[in-house]
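Protein chains in written order, with this note's numbering: chain A, 1 to 389; chain B, 390 to 535.
Simulated from the structure, these hints should not be mistaken for lab results.
Be aware that one or more of the hints could be misleading.
Chain A side only, calculated, beta carbon under 8 Å to chain B, not exhaustive [as the list claims (entries may be wrong)]:
1. 8
2. 12
3. 17
4. 18
5. 20
6. 23
7. 24
8. 123
9. 333
10. 348
11. 365
Pulled from the structure, derived: some chain A residues nowhere near chain B, Cβ distances all over 10 Å [to be verified]:
12. 282
13. 329
14. 373
15. 376
Using N, Cα and C, we set each Cβ at its ideal position, and we do this for glycine too.
Residues per chain, in single letters:
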Amino acid sequence: MTDRLDDLRRAFDRVEVPELWPEIQRRAALDVDVVVPFERRRALRVPAIAAAAIVAVVALVAVVAWPDDGDTPLAVTGTDEAWIAVNVPIAGWHMERPGDWHEQVFEDHCMVGESGAVITNLERDLEPETPAASGGRFECSTGWELPAAADFVGVEVSYRAGGPATSPDDATPDTSRPLGLDAFQRVDARTRYLPVTIGGESRYGVRVWIGADASAADIATVERMVASIRWVSSPTATSTTTMAPSVSLDDVDWSKVRYPIDCGETNLGQVGWRVVDFVRIAPGVGTDLAIALVTCDAGAGSPPANLYVYDRAESATNPHLAQTLVRPDDNWVADDHVDVIGGDLSLGVSGYSSEDLPRCCPDVFATLTWQWDGDEYQPTSTPPEHFHY
Amino acid sequence: LQKVYEATHRRLWRSLLALGGDRDVADEAVAEAFAQAARRGDDLRDVEAWVWRAAFAIARGELARRRVSSAPARDVPPIELPEYTRDLIVALRALDLRDREVLVLRYVADLSHADIAERLGISGPAVRVRLHRATARARTLLEGQG
Numbered sequence: 001m002t003d004r005l006d007d008l009r010r011a012f013d014r015v016e017v018p019e020l021w022p023e024i025q026r027r028a029a030l031d032v033d034v035v036v037p038f039e040r041r042r043a044l045r046v047p048a049i050a051a052a053a054i055v056a057v058v059a060l061v062a063v064v065a066w067p068d069d070g071d072t073p074l075a076v077t078g079t080d081e082a083w084i085a086v087n088v089p090i091a092g093w094h095m096e097r098p099g100d101w102h103e104q105v106f107e108d109h110c111m112v113g114e115s116g117a118v119i120t121n122l123e124r125d126l127e128p129e130t131p132a133a134s135g136g137r138f139e140c141s142t143g144w145e146l147p148a149a150a151d152f153v154g155v156e157v158s159y160r161a162g163g164p165a166t167s168p169d170d171a172t173p174d175t176s177r178p179l180g181l182d183a184f185q186r187v188d189a190r191t192r193y194l195p196v197t198i199g200g201e202s203r204y205g206v207r208v209w210i211g212a213d214a215s216a217a218d219i220a221t222v223e224r225m226v227a228s229i230r231w232v233s234s235p236t237a238t239s240t241t242t243m244a245p246s247v248s249l250d251d252v253d254w255s256k257v258r259y260p261i262d263c264g265e266t267n268l269g270q271v272g273w274r275v276v277d278f279v280r281i282a283p284g285v286g287t288d289l290a291i292a293l294v295t296c297d298a299g300a301g302s303p304p305a306n307l308y309v310y311d312r313a314e315s316a317t318n319p320h321l322a323q324t325l326v327r328p329d330d331n332w333v334a335d336d337h338v339d340v341i342g343g344d345l346s347l348g349v350s351g352y353s354s355e356d357l358p359r360c361c362p363d364v365f366a367t368l369t370w371q372w373d374g375d376e377y378q379p380t381s382t383p384p385e386h387f388h389y
Numbered sequence: 390l391q392k393v394y395e396a397t398h399r400r401l402w403r404s405l406l407a408l409g410g411d412r413d414v415a416d417e418a419v420a421e422a423f424a425q426a427a428r429r430g431d432d433l434r435d436v437e438a439w440v441w442r443a444a445f446a447i448a449r450g451e452l453a454r455r456r457v458s459s460a461p462a463r464d465v466p467p468i469e470l471p472e473y474t475r476d477l478i479v480a481l482r483a484l485d486l487r488d489r490e491v492l493v494l495r496y497v498a499d500l501s502h503a504d505i506a507e508r509l510g511i512s513g514p515a516v517r518v519r520l521h522r523a524t525a526r527a528r529t530l531l532e533g534q535g
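Just chain A, with the same shape it has in the complex:
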């Protein structure tokens, strides 16, 4: 296979490449405000599931204000394109977005370790804002260069690792969910911000941009994204179990679940954990599961993975663990997401062939797979031999 891939490179090296420099110069000379294909709005595709949410808004507006991008007026075209989950492990966020909107995950933004994700109706990443030249060596901005397009909308969720946190005497209650736009503070004409407290920490925030000419459908989409936000990891969170006979897995606060994971301690204190990926899945009729890929928050290094399956919940903080598919003793370092195909699961993992190898550089790779047999997941892959620490 590797030979054939190398052949691919040689074959493409023989393909003649067109001269594009004149076209680049032509485009570069255009006025910046001209809507270039890169940022042109796509035909609005309304997921069927979002249609109901949009109906009320459309009814009020009567006529949807379509973006004026110079193209033929767009029409609502039904599609089965689904909303998909967005997990931002480093910040502990989980939310949902339309499958065709642009997602940009950022880590260690600027000097304050700000991390999170930006979801927009563009087709490109936002670039970090260029701060005004002050001559300062460490000048930096956590803002973004926002597009001039008046129909631009977006949502940013973030977690600020550095900088001041909540003071001990500041007993701000955790922010209640679901989040709604009416709770946001207006920053400027198109920016609104909501500081969020989770587990007593006030380092979280949600920012929303709504351009002056944003369509009603896009605003409804932003509202739905904001309402879908929840958090699935918070090392500082403490369990406050409330007894209830049974609750839906949707009502579980995954940031307050006590996962069966022991991350040990360092001289800096207890090592936290984080949920790397989180999936809700229905592998069979009437079967509703939550899959959590959890690892120790070791910072550097390659902490082993834990893959848990929950099938019901006795309370909002006490889901029932049905299966543990990968445990620390397996000594696998996991990829950052669990693949779901139908009701089956697969997880890319890596490990080490011997203890002599540096922990940076695994040399054994595998894809672990499980199939739902109607009652539980059965492994359908044979993991390769690797060293167990």
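Following the hints, complete the assembly by docking chain B onto the known chain A.
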């Protein structure tokens, strides 16, 4: 910027062609990425890395747009290539875009794991895992073709 263009545009264009199998997408992504870089002037710290990220983002959007449009998918790559390489391109198209990207960046763009990690915004170990899995999936697809 023109120096960067001369140094990198061929490799970038060929990588985008391998990614989507479509000359128009490669033309559009390269031209627009460099044009946007030109408009930003000196704001960009690493022009080459920015152009690569932007061009792949443009190509992703363009491919997604074409996928949902009424344009029929082309089954045969529109370029003259040895048959076994065409098989590989078809196999690449059956892969998830994320898998395809990492294969293209490694085997067509000839980038190091560290450079791939920077271009895709993921960690080095994640690149290794993804590359391994993508290679395995491409192999399975090729074997399926007999």
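Cut-off 8 Å, beta-carbon criterion: hint that residue 24/A touches chain B: holds, 4 Å
Interface hint for residue 17/A, Cβ within 8 Å of any Cβ on chain B: Status holds, d = 5 Å.
Restraint check, 8 Å cut-off on beta carbons, for residue 23/A near chain B: holds, 5 Å
Residue 20/A as chain B interface residue, shortest Cβ-Cβ below 8 Å: holds, 5 Å
Non-interface claim for residue 376/A, where every Cβ of chain B lies beyond 10 Å: holds, 25 Å
Interface hint status, residue 333/A versus chain B (Cβ within 8 Å): Because about 6 Å separates residue 333/A from the closest Cβ in chain B, which is inside the 8 Å limit, the hint holds.
Verdict on residue 329/A as a residue remote from chain B, using beta-carbon distances over 10 Å: holds, 20 Å
Supplied contact hint for residue 365/A, tested at 8 Å Cβ to chain B: holds, 4 Å
Chain B contact restraint on residue 18/A - CB to CB distance below 8 Å: For residue 18/A, the interface hint holds, since the closest Cβ of chain B sits about 6 Å away, which is under 8 Å.
Hint status (Cβ of residue 123/A to nearest Cβ of chain B, threshold 8 Å): holds, 3 Å
Reported absence of residue 282/A from the contact zone with chain B (all CB gaps over 10 Å): Check passes; 22 Å lies beyond 10 Å.
Hint check: 8 Å Cβ-Cβ cutoff, residue 348/A to chain B: holds, 5 Å
The structure fails none of the hints (numbered hints given earlier).
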